[in-house]
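> Hey, can you work out the whole structure from these sequences and the hints?
From first to last, the protein sequence lines are chains A and B.
Here our numbering is used: the first residue of the first sequence is 1, the next is one more, and so on.
Here our numbering is used: the first residue of the second sequence is 1, the next is one more, and so on.
Simulated from the structure, these hints should not be mistaken for lab results.
Check each hint, because a few of them may be wrong.
[Said to hold, decoys possible] Below, a sample of chain A positions facing chain B; criterion: calculated Cβ distance under 10 Å:
#1 Gly55
#2 Tyr61
#3 Pro90
#4 Thr113
#5 His114
#6 Ala145
#7 Ala189
#8 Pro192
#9 Val244
#10 Met248
#11 Val251
#12 Gly323
#13 Ala332
Virtual Cβ for every residue (Gly too), placed ideally from N, Cα, C.
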Amino acid sequence: MSIEGRKITLHEMSLRDGMHAKRHQISIEQMVEIAKAADEARMPWIEVTHGDGLGGASVNYGFSAATDEEYLSAVIPHMKQAKVSALLLPGIGTVDTLKRAMDCGISGVRVATHCTEADCAEQHITYAAKTGLDTVGFLMMSHRASPEKLVEQALLMESYGANCVYCTDSAGHMLPDDVTARITAIRAALKPETELGFHGHHNLGMGIANSAAAVAAGANRIDGAIAGLGAGAGNAATELLVAVFERMGAVTGVDLFKIMDAAEDLVVPMMDRPIRVDRGSLVLGYAGVYSSFLLFAERAEKRYGVPARDLLLELGRRGMVGGQEDMIEDLALTMSRAAKA
Amino acid sequence: MSKKLRAVIIGPGNIGTDLLMKMQRSRWVEPVWMVGIDPASEGLKRAAEMGIKTCATGVDGVLEHVLADDIRVAFDATSAYAHAENSRKLNELGVIMVDLTPAAIGPFCIPPVNLADHAKRLEMNVNMVTCGGQATIPMVAAVSRVQPVEYGEIIAAVSSRSVGPGTRKNIDEFTRTTAHAIEKVGGAKRGKAIIIVNPAEPPLLMRDTVHVLTEGEPDQAAIAESVKAMAAEVQKYVPGYKVVNGPVFDGKRVSIYLEVEGLGDFLPKYAGNLDIMTAAALRTAELFAEEAVKGVFTLPARG
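Below you can see the structure in the form of structure tokens.
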């Protein structure tokens, strides 16, 4: 389907999803520098939060180099046109953490639940919508729900007050047809004024193709990360999205050369390792496992001698959802004991 | 007078019904009334079939029977919103209130850690924190009784089927109340709580992880011993409570990986989160009963 002339709102993820790939150690200076470059390139939205959202700083997910408030207060005053959002996972962050982020000047919040548990977000979506924030419902691990189930959950988020609902491919497991089926079904069920979004991971190399399929099926908000800096094999790279959408005749309003310079000159040099489809991230995509599990599984491999691939496959089999990073060390201990027995 | 404390359960939902089933086996607490607000409620019907007196007019409907039926203890499994009034009315009549809602008017009660203190003081309202708190705070305390704990963090993973609409609507209550109790009862200087709802089928058993950061290097041998002893204490009232892995020591981090299998009384065994709440609440009333019989304290006088 042609997307010629369609308007697409891109949302920059490198300063939130990219925190996973950097073990939440992006410095305030780096955040400000990259956010300024994205703003300069006319990215309309930039997300700034711990990788696991507001209140994510913990033993379980890793303590960040600075607090959410420190990052947000440092970045927001520099923005000339870009709006800044925060991520919030009910069960990890609370309305209290959202209020503190609002005091720092965020313009939007994305409230994320596992794709079948939208009713855990009622408190947070209702509050955010009431205060006039751009309020997004973010259905993570969407590959684990059928299009029908996802529609039911999207309707719940819309009923709480979300003005946009995302189909989120946290595991980078979806293929373009999966995206088309889900976005088409949600588009048909939600109010026409409710926006639809897609958040891709590149674990099967489908980040860009899936994003294009999402737009063709009716999504108008698309997440990207400069140079792909995100969990697993990274998000759909923003500079690629800009170039591809331009080739398809759609309008993002983002300056391609400025955003590719930011990728090459700022983001690639700060990567701890190349963000690409390597063995670990391929397993995530193949087995449908939450992308931020990757580095934890690799650390468990080092400490307990159980291959990361075996851990990730088993976590997938056990149906672990986003946020269950604790189960990685637990499983490594159990598997290494079984191997010795 | 019988040594058993006679009880009223308020709220005939999952928690109330599970509690009733456990209470019917208790040597120390006898279920007498089940109170609801909906005459058509399945829970009230079930209770009536089990031979329990029921009323569908809320706590007000049972007040006139409190003295005649010698009701000594109440379990509130309704909502934080309703709890304050329920507690006031029953406390006035000398009924001890065990609060299974997140209201937390009274002190937090984690049986193996501080129940004995509450019983000695005859606290008239004790709060059972949250399911995640009941599963994990004993382990935070197991470390903090060995050496000072800078930070305690818990992750409770529960099966989607075992999490009711009340908890979902108020999920922040879980994180706030549990974090507060990690500090207050667990003895950590700072507490953090995380809850994960997992929809896997067949449903997963409740899993709980405790991460503690000690002040100074952890005393590994003493902590391992303390964790083992604490697990045995919890197992006295929750037989399916198990340390699956750990304690793991990594610098100042101490991690303990737990699993809670329920008895399968009302909800299936995967709902250990439900069991640990009802079992802890019942254990609380039982200790009050034992101490009353021993004469540690005297129950409020009745005319």
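> Work down the list of hints and note, for each, if the structure agrees.
So, going through the hints one by one against the coordinates:
Given the 10 Å rule on beta carbons, the hint for A/Gly55 holds: about 8 Å separates it from the nearest Cβ of chain B. Interface restraint check: A/Tyr61 against chain B, minimum CB-CB distance 9 Å, threshold 10 Å, status holds. Taking 10 Å as the C-beta contact cut-off toward chain B, the hint placing A/Pro90 at the interface holds, the least distance being around 5 Å. Here the hint on A/Thr113 is kept, as its CB sits about 8 Å from the closest CB of chain B, short of 10 Å.
With 10 Å as the threshold, the beta carbon of A/His114 comes within range of chain B, its nearest partner Cβ sitting at about 7 Å, so the hint holds. The interface hint given for A/Ala145 is met, as the beta carbon of that residue sits about 9 Å from the closest beta carbon of chain B, less than 10 Å. A cut of 10 Å between beta carbons decides the hint on A/Ala189: the least distance to chain B is about 21 Å, and the hint is violated. Below 10 Å, beta-carbon pairs count as interface contacts, and A/Pro192 has none with chain B, the closest being about 28 Å; its hint is therefore violated.
The interface hint given for A/Val244 is broken, as the beta carbon of that residue sits about 34 Å from the closest beta carbon of chain B, more than 10 Å. Hint status for A/Met248: violated, given a least beta-carbon distance of 36 Å to chain B, over 10 Å. Nearest Cβ of chain B to the Cβ of A/Val251: about 38 Å, over the 10 Å cut. The hint is violated. A least Cβ separation of about 5 Å between A/Gly323 and chain B falls short of the 10 Å threshold, and the interface hint therefore holds.
Interface restraint check for A/Ala332: the shortest CB-CB distance to chain B comes to about 9 Å, inside 10 Å, so the restraint holds.
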